[in-house]
Amino acid sequence: GAGVSQSPSNKVTEKGKDVELRCDPISGHTALYWYRQSLGQGLEFLIYFQGNSAPDKSGLPSDRFSAERTGGSVSTLTIQRTQQEDSAVYLCASSHYRGTDTQYFGPGTRLTVL
Amino acid sequence: KQEVTQIPAALSVPEGENLVLNCSFTDSAIYNLQWFRQDPGKGLTSLLLIQSSQREQTSGRLNASLDKSSGRSTLYIAASQPGDSATYLCAVRRFFTGNQFYFGTGTSLTVIP
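These protein sequence lines are chains G and Z, in that order. Positions in the first sequence are counted from 1; adding 50 to them yields the working numbering. Positions in the second sequence are counted from 1; adding 22 to them yields the working numbering.
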């Protein structure tokens, strides 16, 4: 079946603009995760969804970052008033059960803030 | 806070050689540990998942071991091939901290034909 998909694959924006990144998890996966990978750094956890609720938002770096998930499926990560330090690859992953199963990653969205 | 370290940061080996990648973590109270590979411009591909109660997992030419008490995991790749060239990441999930994975910064592997 289809894997995790993300769109757009690349996004270039100007400082101060808002951006939306989309993630389509594997069908039937109840858990969904967002991560950020900055140049030369490891992956940084942002937020975790179980169904439509987000029990763990501890990784969101500021209140400019928000995410939602609807219908227990698609998730959108929104970054408001983008800054240059937001430039990174944003990765989404899904898994079947909370905390116990393998996470499957999407190809990521490369965000560049000019 | 859980810290995950991978050594070496980069490794270059001739084709056919066996190799070991190392991962260490500071807090032994982990739920599981997962090894991934990341190819340039692509997402992560899961290689092996080891639950905290397990000592090792094997898949084809890959073998991953886990020693929780010492905070270490190794990924053994047998008979390396050029197609194994990628960045290898280990990630640990810690007990009772939600569902965060703590990732290492990876080992960049190049297998020379």
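Simulated from the structure, these hints should not be mistaken for laboratory data. Beta carbons are placed, not taken as given, at the ideal position from N, Cα and C, and that holds for glycine. Heads up, some of the hints might be wrong.
Listed below are the simulated BS3-like cross-link pairs for lysine-lysine, each with C-alpha atoms no more than 25 Å apart in a straight line [to be verified]:
hint : chain 1 : residue 1 : chain 2 : residue 2
1    : G       : 107       : G       : 67
2    : Z       : 23        : G       : 107
3    : G       : 61        : Z       : 23
4    : Z       : 90        : Z       : 23
5    : G       : 61        : G       : 107
Some chain G residues well away from chain Z (every beta-carbon gap over 12 Å; in silico) [as the list claims (entries may be wrong)]:
hint : residue
6    : 62
7    : 72
8    : 87
9    : 92
10   : 97
11   : 115
12   : 133
13   : 160
From the derived model, a few chain G residues whose C-beta atoms are all more than 10 Å from chain Z [claimed, not checked]:
hint : residue
14   : 56
15   : 120
16   : 124
17   : 152
Consistency of the hints with the structure:
no. : hint           : in the structure
1   : 107(G) - 67(G) : 23 Å, holds
2   : 23(Z) - 107(G) : 16 Å, holds
3   : 61(G) - 23(Z)  : 32 Å, violated
4   : 90(Z) - 23(Z)  : 16 Å, holds
5   : 61(G) - 107(G) : 24 Å, holds
6   : 62             : 16 Å, holds
7   : 72             : 14 Å, holds
8   : 87             : 9 Å, violated
9   : 92             : 4 Å, violated
10  : 97             : 10 Å, violated
11  : 115            : 16 Å, holds
12  : 133            : 23 Å, holds
13  : 160            : 8 Å, violated
14  : 56             : 8 Å, violated
15  : 120            : 20 Å, holds
16  : 124            : 17 Å, holds
17  : 152            : 5 Å, violated
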